[in-house]
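Put chain B on the given structure of chain A with help from the hints.
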Amino acid sequence: ETGVTQSPTHLIKTRGQQVTLRCSSQSGHNTVSWYQQALGQGPQFIFQYYREEENGRGNFPPRFSGLQFPNYSSELNVNALELDDSALYLCASISTPKAGAETQYFGPGTRLLVL
Amino acid sequence: AQTVTQSQPEMSVQEAETVTLSCTYDTSESDYYLFWYKQPPSRQMILVIRQEAYKQQNATENRFSVNFQKAAKSFSLKISDSQLGDAAMYFCAYRTPQGGSEKLVFGKGTKLTVNP
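Chains as they are written, first to last, in the numbering used here: chain A, 1 to 115; chain B, 1 to 116.
Chain A on its own, in the form it takes in the complex (with noise of 0.2 Å):
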């Protein structure tokens, strides 16, 4: 365990809707990063969230968006879904973005199905 959760487990939508994805971290973890991992491959950064504002981003159009909450919790939308945003959808924090010296701690993952 971890100590970071992920809701809900899985989720179904339709092409054009709207998601959200919650995320809880551990107590003191003041960073927290989204990545997305489609069937069969390794996970791909999205972005990263420090102390509530966004620090980092990857390749990943505008309707990905997040926002992440005083008591450590954070929420990643999508926004006009697409078939190819199906992926398992993960959360990771750490204590602070000192570079290379923190585990990052991932949660389970909420896998998004998009039909």
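Just to be clear, a hint being listed does not mean it is correct.
Unchecked claim - Below are the SDA-like pairs computed for lysine to any residue, each with C-alpha atoms no more than 25 Å apart in a straight line: (1) B:Lys108 / A:Gly28; (2) B:Lys111 / A:Thr103; (3) B:Lys108 / A:Leu113; (4) B:Lys73 / A:Gly58; (5) A:Lys13 / B:Pro41; (6) B:Lys73 / A:His10; (7) B:Lys108 / A:Thr2; (8) B:Lys108 / A:Pro70; (9) B:Lys111 / A:Ser86; (10) B:Lys70 / B:Tyr25; (11) B:Lys111 / A:His10; (12) B:Lys108 / A:Phe64; (13) B:Lys111 / A:Leu88; (14) B:Lys70 / A:Thr103; (15) B:Lys111 / A:Gln44; (16) B:Lys108 / A:Gly16; (17) B:Lys108 / A:Glu82; (18) B:Lys108 / A:Leu88; (19) B:Lys73 / B:Pro116; (20) B:Lys111 / A:Thr2; (21) B:Lys108 / A:Gln41; (22) B:Lys111 / A:Glu82; (23) B:Lys73 / A:Gly40; (24) B:Lys78 / A:Thr103; (25) B:Lys73 / B:Gln14; (26) B:Lys108 / A:Gly58; (27) B:Lys108 / A:Arg111; (28) B:Lys108 / A:Phe47; (29) A:Lys13 / B:Arg43; (30) B:Lys111 / A:Pro108; (31) B:Lys70 / A:Gln44; (32) B:Lys108 / B:Asn67; (33) A:Lys13 / B:Ser42; (34) B:Lys111 / A:Leu39; (35) B:Lys108 / A:His10.
No lab work stands behind these hints: they were computed from the structure.
The following block gives chain B in isolation, referenced to the frame of chain A:
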């Protein structure tokens, strides 16, 4: 851009035997971090072992050890005395210390099967 390559989509090993998973990476940086993560069917990514590029000594964690060859940009994972619970997807990952972002770049993974 950094890339991570795992050339073995699947590997199998007999219980109690040793197996080595391969990973190569491409980077122009001299300082970085490398990781092996395990993802069992429960989907939760678990850190297995970590290596700082500035350290010449290979990292070890109990039955897990790495062979880090910086010049060759190679980072293989050796699992000794394999156990049934080691069966999982294994991902090699790279992280740069630059820019404050904790972005991990992952390979496509190797599925490890442990046979009793």
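A quick look at each hint next to the structure:
1. At roughly 31 Å between alpha-carbon atoms, Lys108 (chain B) and Gly28 (chain A) are farther apart than 25 Å, so this suggested pair is violated.
2. Taking the CA atoms of Lys111 (chain B) and Thr103 (chain A), the gap is near 23 Å; set against the 25 Å cutoff, the hint holds.
3. Annotation: proposed proximity of Lys108 (chain B) to Leu113 (chain A) holds, straight-line Cα distance about 21 Å (limit 25 Å).
4. The straight-line distance between the Cα atoms of Lys73 (chain B) and Gly58 (chain A) is roughly 23 Å, inside the 25 Å bound, and the hint therefore holds.
5. A hinted pair counts as satisfied when its Cα atoms are at most 25 Å apart, and Lys13 (chain A) with Pro41 (chain B) qualifies at roughly 23 Å.
6. Simply put, Lys73 (chain B) and His10 (chain A) have alpha-carbon atoms about 38 Å apart, too far for the 25 Å limit, and the pair is violated.
7. About 23 Å separates the Cα atoms of Lys108 (chain B) and Thr2 (chain A), which keeps this hinted pair within 25 Å; it holds.
8. The straight-line distance between the Cα atoms of Lys108 (chain B) and Pro70 (chain A) is roughly 34 Å, outside the 25 Å bound, and the hint therefore fails.
9. Using a Cα cut-off of 25 Å, the hinted pair Lys111 (chain B) and Ser86 (chain A) holds, with the two alpha carbons roughly 21 Å apart.
10. With a C-alpha separation of about 10 Å, the suggested pair Lys70 (chain B) and Tyr25 (chain B) falls inside the 25 Å cut-off, and the hint holds.
11. Among the hinted pairs, Lys111 (chain B) with His10 (chain A) is consistent with the structure: their alpha-carbon atoms are about 23 Å apart, no more than 25 Å.
12. Only pairs whose Cα atoms come within 25 Å are accepted, and Lys108 (chain B) paired with Phe64 (chain A) is accepted, the gap being roughly 22 Å.
13. Of the supplied pair hints, the one linking Lys111 (chain B) and Leu88 (chain A) holds, its CA atoms being roughly 17 Å apart against a limit of 25 Å.
14. For the given pair, Lys70 (chain B) sits about 22 Å from Thr103 (chain A) by alpha-carbon distance, which is consistent with the 25 Å threshold.
15. Proposed proximity of Lys111 (chain B) and Gln44 (chain A) is supported: the alpha carbons are some 18 Å apart, at most 25 Å.
16. Restraint check for Lys108 (chain B) and Gly16 (chain A): the C-alpha separation of about 28 Å exceeds 25 Å, so the hint is violated.
17. At most 25 Å may separate the alpha-carbon atoms for a hinted pair to count; Lys108 (chain B) and Glu82 (chain A) meet this at roughly 22 Å.
18. Proximity of Lys108 (chain B) to Leu88 (chain A) is assessed by CA-CA distance (about 14 Å); at most 25 Å being required, the pair is judged to hold.
19. For the hint pairing Lys73 (chain B) with Pro116 (chain B), the CA-to-CA distance comes to about 34 Å; that exceeds 25 Å, so the pair is violated.
20. A hinted pair counts as satisfied when its Cα atoms are at most 25 Å apart, and Lys111 (chain B) with Thr2 (chain A) qualifies at roughly 22 Å.
21. Between the alpha carbons of Lys108 (chain B) and Gln41 (chain A) the distance comes to roughly 5 Å, so the proposed pair stays at or under 25 Å and holds.
22. For the hint pairing Lys111 (chain B) with Glu82 (chain A), the CA-to-CA distance comes to about 28 Å; that exceeds 25 Å, so the pair is violated.
23. For the suggested pair Lys73 (chain B) and Gly40 (chain A), the alpha carbons sit about 24 Å apart, so the restraint of at most 25 Å is met.
24. Distance hint between Lys78 (chain B) and Thr103 (chain A) is fulfilled; the C-alpha atoms sit about 21 Å from each other, no more than 25 Å.
25. With a C-alpha separation of about 29 Å, the suggested pair Lys73 (chain B) and Gln14 (chain B) falls outside the 25 Å cut-off, and the hint is violated.
26. Annotation: proposed proximity of Lys108 (chain B) to Gly58 (chain A) holds, straight-line Cα distance about 17 Å (limit 25 Å).
27. As the CA atoms of Lys108 (chain B) and Arg111 (chain A) are separated by approximately 18 Å, the hinted pair is consistent with the 25 Å bound.
28. At most 25 Å may separate the alpha-carbon atoms for a hinted pair to count; Lys108 (chain B) and Phe47 (chain A) meet this at roughly 19 Å.
29. Proximity of Lys13 (chain A) to Arg43 (chain B) is assessed by CA-CA distance (about 21 Å); at most 25 Å being required, the pair is judged to hold.
30. Pair hint Lys111 (chain B) plus Pro108 (chain A) holds up; C-alpha atoms about 18 Å apart against a cutoff of 25 Å.
31. Our distance criterion of 25 Å between C-alpha atoms is met by Lys70 (chain B) and Gln44 (chain A), whose separation comes to about 24 Å.
32. Straight-line distance between C-alpha atoms of Lys108 (chain B) and Asn67 (chain B) comes to about 19 Å, which keeps the hinted pair within the 25 Å bound.
33. Between Lys13 (chain A) and Ser42 (chain B), the direct Cα distance comes to roughly 22 Å. Compliance with the 25 Å bound is thereby established for this hinted pair.
34. Under the criterion of a C-alpha separation no larger than 25 Å, the hint pairing Lys111 (chain B) with Leu39 (chain A) is consistent with the structure, at around 13 Å.
35. Distance restraint check for Lys108 (chain B) and His10 (chain A): the Cα-Cα separation of roughly 23 Å lies within the 25 Å cut-off, and the hinted pair is therefore satisfied.
Hints 1, 6, 8, 16, 19, 22 and 25 from the list above are not met by this structure, while the remaining hints are.
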